[in-house]
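**Student:** Chains as they are written, first to last, in the working numbering: chain A, 10 to 300; chain B, 74 to 618.
Derived from the structure by calculation, the hints contain no laboratory data. Nothing false has been slipped in among the hints.
Selected chain B positions facing chain A (in silico; Cβ < 7 Å):
hint : residue
1    : LYS384
2    : ALA387
3    : ALA572
4    : THR584
5    : ASP589
6    : SER592
7    : TYR597
8    : PHE602
9    : GLY607
Quick look at which bits of chain A chain B covers, simulated, 3 or more residues with Cβ under 8 Å:
hint : stretch
10   : 144-152
11   : 254-261
12   : 275-284
Where is the CB? At the ideal position from N, CA and C, for every residue including glycine.
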Amino acid sequence: MPSRLTVTKTYKLYIGGDFPRSESGRSLPVHDLDERVVAHIAHASRKDLRNAVVAARKAVPGWMARTGYNRGQIIYRMAEMLEGKADEFITALMLPGTHTKREARAEVEATVDRLVAFAGWTDKFSQVLGCHNPVAGPYYNFTVPEATGLVAAVAPDEPGLLALVSLIAPPLAAGNAIVAVSGNHHPIAASILGEVLATSDLPAGVVNILTGNRAELLPWISEHRDIDAVHAADLPDDEALTLRRGMSENIKRVRVREVGEDGWFDADLCTSPWWIEPFIEMKTIWHPAAT
Amino acid sequence: MTTPPENETLEIDPRTEDGANGRPPGTPGTPGTPGIPGSTDRAALRESAVDIEAPAASFTRTLNFTESWDYAPAPERAKVTIAPEYAHFINGEFTAPPSRKEARMRNINPANESVLCEVAIADKSAVNKAVAAARAAFPKWRRLDPRERAKYLYRIARRIQERARELAIVESMDGGKPIKESRDIDIPLVAQHFFYHAGWADKLRYAFPNRDPQPIGVCAQIIPWNFPLLMAAWKIAPAIACGNTVVLKPAETTPLTALRLAEILQECELPDGVVNIITGDGDTGALLSSHPDIDKLAFTGSTSVGKVLAKTAAEKNIPITLELGGKSAHIIFEDASVDQAVEGIIQGIYFNQGHVCCAGSRLFVQESIEREVVEKLRIRLASLRVGDPLDKNTDVGAINSRAQLDTINRYLKIGVDEGATRIEPSRNGLPSKGYWCRPCFLTGVQPSHTVAREEIFGPVLAVMNFRTPEEALLRANNTRYGLAAGIWTDKGSKIFEIAGRLEAGVIWCNTYNRFDAASPFGGYKESGFGREGGLQGLRAYVKFD
Numbered sequence: 010m011p012s013r014l015t016v017t018k019t020y021k022l023y024i025g026g027d028f029p030r031s032e033s034g035r036s037l038p039v040h041d042l043d044e045r046v047v048a049h050i051a052h053a054s055r056k057d058l059r060n061a062v063v064a065a066r067k068a069v070p071g072w073m074a075r076t077g078y079n080r081g082q083i084i085y086r087m088a089e090m091l092e093g094k095a096d097e098f099i100t101a102l103m104l105p106g107t108h109t110k111r112e113a114r115a116e117v118e119a120t121v122d123r124l125v126a127f128a129g130w131t132d133k134f135s136q137v138l139g140c141h142n143p144v145a146g147p148y149y150n151f152t153v154p155e156a157t158g159l160v161a162a163v164a165p166d167e168p169g170l171l172a173l174v175s176l177i178a179p180p181l182a183a184g185n186a187i188v189a190v191s192g193n194h195h196p197i198a199a200s201i202l203g204e205v206l207a208t209s210d211l212p213a214g215v216v217n218i219l220t221g222n223r224a225e226l227l228p229w230i231s232e233h234r235d236i237d238a239v240h241a242a243d244l245p246d247d248e249a250l251t252l253r254r255g256m257s258e259n260i261k262r263v264r265v266r267e268v269g270e271d272g273w274f275d276a277d278l279c280t281s282p283w284w285i286e287p288f289i290e291m292k293t294i295w296h297p298a299a300t
Numbered sequence: 074m075t076t077p078p079e080n081e082t083l084e085i086d087p088r089t090e091d092g093a094n095g096r097p098p099g100t101p102g103t104p105g106t107p108g109i110p111g112s113t114d115r116a117a118l119r120e121s122a123v124d125i126e127a128p129a130a131s132f133t134r135t136l137n138f139t140e141s142w143d144y145a146p147a148p149e150r151a152k153v154t155i156a157p158e159y160a161h162f163i164n165g166e167f168t169a170p171p172s173r174k175e176a177r178m179r180n181i182n183p184a185n186e187s188v189l190c191e192v193a194i195a196d197k198s199a200v201n202k203a204v205a206a207a208r209a210a211f212p213k214w215r216r217l218d219p220r221e222r223a224k225y226l227y228r229i230a231r232r233i234q235e236r237a238r239e240l241a242i243v244e245s246m247d248g249g250k251p252i253k254e255s256r257d258i259d260i261p262l263v264a265q266h267f268f269y270h271a272g273w274a275d276k277l278r279y280a281f282p283n284r285d286p287q288p289i290g291v292c293a294q295i296i297p298w299n300f301p302l303l304m305a306a307w308k309i310a311p312a313i314a315c316g317n318t319v320v321l322k323p324a325e326t327t328p329l330t331a332l333r334l335a336e337i338l339q340e341c342e343l344p345d346g347v348v349n350i351i352t353g354d355g356d357t358g359a360l361l362s363s364h365p366d367i368d369k370l371a372f373t374g375s376t377s378v379g380k381v382l383a384k385t386a387a388e389k390n391i392p393i394t395l396e397l398g399g400k401s402a403h404i405i406f407e408d409a410s411v412d413q414a415v416e417g418i419i420q421g422i423y424f425n426q427g428h429v430c431c432a433g434s435r436l437f438v439q440e441s442i443e444r445e446v447v448e449k450l451r452i453r454l455a456s457l458r459v460g461d462p463l464d465k466n467t468d469v470g471a472i473n474s475r476a477q478l479d480t481i482n483r484y485l486k487i488g489v490d491e492g493a494t495r496i497e498p499s500r501n502g503l504p505s506k507g508y509w510c511r512p513c514f515l516t517g518v519q520p521s522h523t524v525a526r527e528e529i530f531g532p533v534l535a536v537m538n539f540r541t542p543e544e545a546l547l548r549a550n551n552t553r554y555g556l557a558a559g560i561w562t563d564k565g566s567k568i569f570e571i572a573g574r575l576e577a578g579v580i581w582c583n584t585y586n587r588f589d590a591a592s593p594f595g596g597y598k599e600s601g602f603g604r605e606g607g608l609q610g611l612r613a614y615v616k617f618d
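I would like the entire structure built from these sequences, with the hints used as guidance.
**Tutor:** Written as C-alpha cells, this is what we have:
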C-alpha cells in the first residue's frame, strides 16, 4: 500500500465552454505502459455529439461577426496558454508509449507554432483568397470569403495533438465554430486542450472537444444535417468513406486529407491559406456604378 | 409621380382595377377612398397602404398594352439547318447517327411541339468510348505549352462570336428561350467565358500563390437545360484551360447547341479527345458519373440529383463541384427606388421563363411599400409579351418541356390550395401549340407554404413582406438553399450590412441576374459548392497540396 494514494483524474468532454461527463455515463480507462489505470476519459456518445453541435451552432454568429484582429488575438492567446501547459502535454503524449520525451516536446512546440501561424491568418486570408472582379459592365463587383459555419474536425491517432490542432485552427481562424473529435491514441492531450481553450478568451461553444471511440462517432457526424463541413486527415479508408458520404446528406463540404505523420511537421504545407479555403464560402457582391 | 412621364399618360388600363377604379391621369382619387389624395405623393401613398381596402391602382398610371396595342410579329428570319439525326462527338469525330434499333430520343421544339430532330442516347459503350478518348488525350493536352493551350480557347471564343446568330437561333428553337435573351445574353457570355479562361491557361501559378497547380484529369460534366450552351461553356472553358480533358453530357431536352459547339471545336482543330460530348438522358448521366476512369465530377442541376452524384463522388473518392437549386430572396426596403426595384424583380424572376437556378423567386417587400410594389408588379407584368421565342419582341418564351410545365402547374395548384392568391395579368394570346405558362405572382404567401420553400423553376414569384431588416434577414436565410439574393435600398451602409449577413453566394445589390465570366458564381448551403467563373472558379479544375 503506497504511503500516499495518487489522485487520478477523470478527463471530461468540452462542450459549450463546460466540462461535462458523457451523458451516456460512459468512460474509458487510460493505461500507462505498466498496464496501470492512470486516468479515465469520457466516452462520448451520439447525444454528446448532438449537444456539441447545438453549442457550436449557437456560437457561430458571434464568432463569425468578430473582427479578424480579435479572432487573431484569441488564437494567439490559445498558443500562449498551450505553451504554459507544455509539460502537462508532454507527459500526456508520452503516456501510451508512442512518444519519447524529445518527440513529445517537438510535437507540443509545433502545435504552439501552428496556432501562432493561424492567429496571423485571421485578418489576412480574405485578402489573399478574395478579390475584385473586373466585369464587363458598369458594376462594382467583388468576391469575399466568409466562414462556412459549423465544421467537424476529426483527428487521426498520430500525431494526436498536433493534427487535432492543425485541423481545428484553419476553419477556426476563418470564423467557423468547431466540433472536434480526438484520435484514439491521445484523448488526454485532447482533454487538456479543452482546458487550454477554456482559459483563452475563446467564447463558449466556439470549439468543442469530444473523446472516446472516434469510429463510433463518425456516422453521426456524417449524417448530421447541422454540420456544414468536415475537416479530417489520415483516417482509415472506411472512416474516411463514412465522412465523405456526408456530402450527399446536406451537401457537406468534406475534406479528408492525406498528410502522413511527417507532413504535419511541414509548416509550409500545413499553414497555407489553402488549409482555410475548404471552409469558407465565396460571396460575390454586385452593385451598379452610376450617378 | 405628380407629373408622370409623357409616355405614361396614354391610357389607363381599366382592368388593373377590375374596371372599377381606373381613372384618367390627373383626376382626383375615387370618392370614398380613404387616404388617397388626388396628387400621389409618396408619403401619402405609404400611409394609404395601411388601409387594406384602398384601391391599389392609384399608385401609377398605366399603358393599356393589351387591347389597343398590337405588336406586329418580328420574327428572327435567318435560316439555320438542323440535321434530322445527331449522335455523339467523340475523339474529334461525330459518331454515326443511331440505327432504328438503337436508343434515340426525339428533340422537341417546346414552342410548337414539332420534332426538330432525333438524337442518340449514349449507352455504356458510347460512354466508355468518350471517357477513353478523354483519357487518351489527357497526357498530351496537359503537357502542351499553356500558351498554346490558351490559343485554342481564344480561337474557340472567336468562332463562337462569328457563329453567334446561328447559335442563338438554335438555342431558342431547342430550349424555348426568347431570341433576345439567347442573342444578347447567353451567346455573348459563352464567347466571353472562353475568351476569359483562355488567358488563365498560362497564368495559373499566379492564381494560386506559392502552389503548383496541376490539372486533375478526365472531367465528367453534366449540365442542365436552362442555359444549354452557357452551361457547357462554364464547364468546358475552365476545365480545358487548366489542362484537363472533358466528357460533357448536355441535358436530355437541349443537346443541339452543345453539338454545334462540337462543330466549332472541330473547326478550331482542338486536339482529338480533349472535349467529348455525349447526348442522352438521366441513364447516360448515371453511366458517365459512375464510370471508373473519371477523375472529377461537375454538375449543374437539381439538389436531389446533386446529392446522388455527391454520393457517387464520395464512394469513388474523386473531387466534385455542384451548382444546385435555389430559392433566392429578393428584398426591397422602403427606401429603395421602387420603379427600378420592380424592373429588377421582373428581371429576377421572369428572365428565361424563371428557369434560372438563381431566380429571385421569393420576394420580401417592406410592409410600408407592399401595396405599391404589388400594384406596380401587376402593371409591369401585364406588359410582358409571352409567346414565340423567335420573335424579337418576346419577353417570356416557352416552358422548356411538357414535364417542366406539369411541375410548374402542380406548384401553382399547391400554392393556391395552401391559401395564396395567384395574380396573372399578362393577356396577349398564346400559340395553340407548345408549352406555355403565363408569368404570375402569388400573394398571401406564408413562409411555411410549399411555394415559399421549394424551387419551382418557372415564372412564378412568391410575394411576402417584412417589417424590420432583422426580420428580412431571418426570413431570407430561412431556407436550405443559398445561391443568390437581391437587395434594393438607396442606403449604402444598409447594403453592406445586409449583403454581409445574407447566406448566399451571389448578392445583387440594386440589380439582379447579372453574369460575367470574371465573376464567380455558386452557392452556400444546399445550393452546392465550388464556384464557376472568375479566379475562384479555377480552383475546381486544378489540384495541389
